[in-house]
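> Residues per chain are reported as follows:
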Amino acid sequence: MNRCPRQIDEVIDAHLGLYADAPAGDMQQAQERARLRLLEETQRLPERRPLGAGFAWPRTFVLASAALAVFVLTIQTPGIRRVLTTSSGLAAANSAGGDLYRESGTRLAQGDPIARSERVRSRTANAQLVMADGSLIEMRANSELSLEPADDGMTIRLGTGSIIVNAAKQHGHLYVTTKDVLVSVVGTVFLVNAESDGSSVGVIEGEVHVREGAVETSLRPGQQVSTNRKIVARPLREAIAWSGNADAIRAILANFEKGMAMTAGPLKSAAEKRRVVEPGGAQSGAVAAAGSEFDEASIKPCDPNNVPEPPAGARGGGANSFQMTPGRTHALCLTLATLIRTAYGYAPANFFSNGGRSPGFNFNNVYGLGVEDGQRVRGGPDWVRRDSYTIDAVAPDAADAATMSGPMLRALLEKRFHLQAHIETEQIPAFDLTIAAGGLKMKEGVCTPDPSFVRTAQSTNAVIRKNLEAARRGATTTAPCGMAFAVNGANAVAVGAGAGVPSLSGVFGVPVTDRTGIPTTARFNYALEFSLDETMAGPLARVLTGGIPGPDVQIASDPSGVPPAPSLFTAVEQQLGLHLEPSRAPREFIVIDRVDRPTAD
Amino acid sequence: MSTANVSGVIVKAWDLDTTTVEQEFERVFREHYQTVYRTAYGVLGSGPDAEDVAQTVFLRVLRGMPSRHLTKNPAGYLYRAAVNESLNAIRARRRQVLTAEPERFEVPQSANSAAESAEDLHRRLYEAIAELGQADAEVVILRYVHNRSDREIAQLLGTTRGTIAVRLYRTRTRLRKLMQASGAGDQS
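Line by line, the protein sequences give chains A and B. Using this note's numbering, the letters of the first sequence correspond one by one to residues 1 to 601. Using this note's numbering, the letters of the second sequence correspond one by one to residues 1 to 188.
Heads up, some of the hints might be wrong.
As the list claims (entries may be wrong) - Just a few of them, taken from the derived set where beta-carbon distance is under 7 angstroms, the chain A residues facing chain B:
no., residue
1, H15
2, G17
3, A20
4, A22
5, M27
6, A34
7, L36
8, R37
9, L38
10, L39
11, L136
12, N365
13, Y367
14, P559
15, V562
Unchecked claim - Okay, the calculated bits of chain B under chain A, using three or more residues with CB under 8 angstroms as the criterion:
no., segment
16, 48-56
17, 73-82
18, 144-152
19, 161-169
Simulated from the structure, these hints should not be mistaken for lab results. Backbone N, C-alpha and C fix where the C-beta goes; we use that ideal spot for every residue, glycine too.
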């Protein structure tokens with residue numbers, strides 16, 4: 001199975017540039033469509049200055065696009081409908097928005113009728129069909145459907161891809177079928193998506209009924225369901241991004257997305273539905289007893305494109321931050337996995353003492369909780385680790401911080417996300433830290449930090465740059481007490497000043513047990529320099545994957561000129577006289593058994 | 001409600017006079033659209049997806065003028081935005097396994113399997129690159145999709161040639177490991 005590196009290199013070379021030559025014609029057409037879309041945007045924004053002489057969109061283009069819009073809205077659709085009433089077609093192509101093809105490969109022209117059971121495929125986005133009753137079907141690129149009369153209306157059979165249906169008010173029903181769902185509507189706008197793994201349905205306006213087997217679900221605007229947990233990954237407003245009317249649809253959805261109107265999840269099985277209606281909500285029996293729940297709580301999804309930044313010049317705040325004051329808990333844009341980790345009492349992944357248990361929170365402090373990446377919370381769908389939520393919760397004034405961040409938060413997650421989870425313990429790779437055969441090389445010392453030092457990324461860099469030579473000799477420095485990290489070229493550099501035996505758990509992302517026998521009260525001065533590689537965890541991993549180390553972490557003026565340092569294993573032996581020995585250590589994992597998108601506030 | 005509010009945002013970000021803002025946007029769109037599209041196409045291998053990405057990038061610029069870097073280095077800014085959006089699309093696509101790709105619908109069953117294999121390998125490579133991260137992807141795509149030299153890449157991304165060389169070497173090493181682990185090349 002394994003190929004040699006050379007063969008892998010050939011594969012890489014041959015395929016990375018496979019699509020280096022974009023078809024010029026397609027690209028130019030796309031550019032024109034983008035130009036049109038951007039022009040619409042300039043006109044749509046209510047506060048935008050009207051196009052003036054200074055705006056360089058071609059005037060003829062402006063006129064052409066305006067004319068096109070009028071044609072589509074006021075002439076074209078009724079015209080097509082007249083065609084339909086005089087033909088046997090169930091619908092007709094409205095190709096102004098995109099290209100439609102018959103199964104034979106013949107391109108459909110404007111107004112061409114589509115016969116019963118005839119399969120039609122869209123090759124580009126925004127292809128449209130107009131049905132005889134006036135309903136509009138917008139097809140995503142590479143979608144395929146056919147039409148069938150039903151006893152009491154019309155059926156759209158969606159083979160693959162996505163469609164947005166704007167169903168006209170009608171006497172009968174309009175149905176959409178995929179291989180595993182039946183959607184029935186009377187006058188509404190909705191999205192249906194058919195994939196190999198299942199189907200999903202989302203409602204933009206009105207109400208639809210979705211049947212999967214014997215289970216029927218009613219959906220309201222903003223709601224989605226899918227037949228497979230894996231394919232409900234995006235909020236509805238993102239799922240319709242391909243539509244030519246995406247902004248109008250988003251505006252409609254915005255009216256319904258107050259609080260948490262938007263939910264998504266698999267269709268409930270009949271058994272689950274029964275459980276839901278049973279008194280007492282047996283499915284969430286783990287919800288904490290009264291007295292350990294918040295009085296009120298709001299859970300809102302965060303916009304991934306507008307993630308809150310930390311306040312300028314301050315530490316803490318921004319996304320992934322957690323703060324409590326008496327009676328209140330505020331979690332800002334945390335993933336559910338991070339919330340679960342917190343609620344179960346575990347600290348961020350690079351915290352290894354006390355079995356990784358959180359040291360607890362104090363009121364009024366702002367804590368950065370990072371993003372749980374699977375090192376503590378396992379299982380559940382992808383969105384658990386991707387989508388973030390802001391929680392504002394109110395508790396009785398008497399509740400302490402430990403209760404709010406623990407049992408109350410956990411009860412909230414169980415109630416609103418239907419979270420069910422359990423703890424598993426595994427033996428994971430770890431290291432033991434011992435004194436190397438050549439003896440300890442760190443020099444005992446104390447820290448004498450500059451009293452004016454205030455820890456920021458920049459000041460830490462400056463102090464490390466200033467003290468690195470002295471730290472290499474084990475001399476006393478003005479570096480802050482403890483161990484401070486920076487990046488020097490492609491190396492990590494840590495300066496220890498009056499520091500204990502270095503804990504390298506955070507560097508590896510696995511437990512490192514101190515078996516040196518050195519008293520915990522002993523203090524040392526040292527510099528530890530090692531090359532960054534992909535085994536690093538925590539902040540060092542972010543340095544690696546976040547791009548070329550910038551001035552915020554980089555102390556070298558010319559990073560490419562810094563010679564590579566030895567690996568961490570070698571560096572620890574050569575520079576500190578310590579030895580890392582591979583071992584195993586137990587680690588607890590929270591395993592998600594069940595979770596759903598949050599229920600409405 | 002005056003137009004100055006929206007234009008003001010643009011002006012603040014671009015440091016331009018209001019009268020030239022829209023001309024400037026038009027210039028940026030005209031000069032850089034194809035680079036953005038080509039970047040997305042090179043990563044995603046799909047015209048409609050590339051169009052989605054390019055449209056998203058420019059809509060964001062038009063709506064928010066999100067960064068002062070746009071003024072300083074529009075080519076670099078838009079390129080980075082295109083890479084970012086393309087990687088997001090790859091991640092989203094991994095979640096949404098399409099049942100039929102356009103080529104497979106249109107090409108008869110006798111289509112040679114090597115073409116499909118090449119597509120699959122391309123897809124797998126860029127999925128691996130998406131795992132590596134934005135910065136690595138930026139360098140790789142400039143080299144392999146846009147065929148740029150180390151010097152040109154360094155200039156566009158505002159860094160040194162040495163840094164680019166090191167990053168390409170490391171990225172390639174990591175990519176090799178990832179591809180080896182995923183069995184790439186086994187069928188080639």
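> Each hint should be assessed against the structure and marked as holding or not.
Okay, the hints, checked on the actual structure:
At about 5 angstroms, the closest approach between the beta carbon of H15(A) and any beta carbon in chain B falls short of 7 angstroms, and the interface hint on this residue holds. At its closest, the beta carbon of G17(A) sits 4 angstroms from a beta carbon of chain B; the interface hint therefore holds under the 7 angstroms criterion. About 5 angstroms separates the beta-carbon of A20(A) from the nearest beta-carbon of chain B, less than 7 angstroms, and the hint is met. Among the interface hints, the one on A22(A) holds; its C-beta lies about 4 angstroms from the nearest C-beta in chain B, closer than the 7 angstroms criterion.
Hint status for M27(A) relative to chain B: holds, with the closest Cβ pair at about 5 angstroms, below 7 angstroms. This hint holds: A34(A) has a C-beta 5 angstroms from the nearest C-beta of chain B, less than the 7 angstroms allowed. Hint status for L36(A): violated, given a least beta-carbon distance of 10 angstroms to chain B, over 7 angstroms. The criterion of a C-beta within 7 angstroms of any C-beta in chain B is met by R37(A), whose closest approach is roughly 6 angstroms, and the hint holds.
Taking 7 angstroms as the C-beta contact cut-off toward chain B, the hint placing L38(A) at the interface holds, the least distance being around 6 angstroms. The closest approach between the C-beta of L39(A) and any C-beta of chain B is roughly 10 angstroms, which is over the 7 angstroms cut-off, so the hint fails. At about 20 angstroms, the closest approach between the beta carbon of L136(A) and any beta carbon in chain B exceeds 7 angstroms, and the interface hint on this residue is violated. For N365(A), the shortest C-beta to C-beta distance to chain B is roughly 31 angstroms, which exceeds 7 angstroms, and the interface hint is violated.
A distance limit of 7 angstroms between C-beta atoms decides the matter here; for Y367(A) the minimum to chain B is near 26 angstroms, and the interface restraint is violated. The closest approach between the C-beta of P559(A) and any C-beta of chain B is roughly 6 angstroms, which is under the 7 angstroms cut-off, so the hint is satisfied. For the restraint placing V562(A) at the interface with chain B, the shortest Cβ-Cβ distance is roughly 10 angstroms, beyond the 7 angstroms limit, so the hint is violated. Three residues within the 8 angstroms Cβ limit are the bar, and the segment 48-56 of chain B against chain A gives 7, so the coverage statement holds.
A stretch counts as covered by a chain when three or more of its residues have a beta carbon under 8 angstroms from one of that chain; for the segment 73-82 of chain B and chain A the count is 0, and the coverage is violated. Three residues within the 8 angstroms Cβ limit are the bar, and the segment 144-152 of chain B against chain A gives 4, so the coverage statement holds. For the segment 161-169 of chain B, the assignment as covered by chain A holds, since 6 residues bring a beta-carbon within under 8 angstroms of that chain's beta-carbons and 3 suffice.
Hints 7, 10, 11, 12, 13, 15 and 17, counting from the list given before, are not met by this structure.
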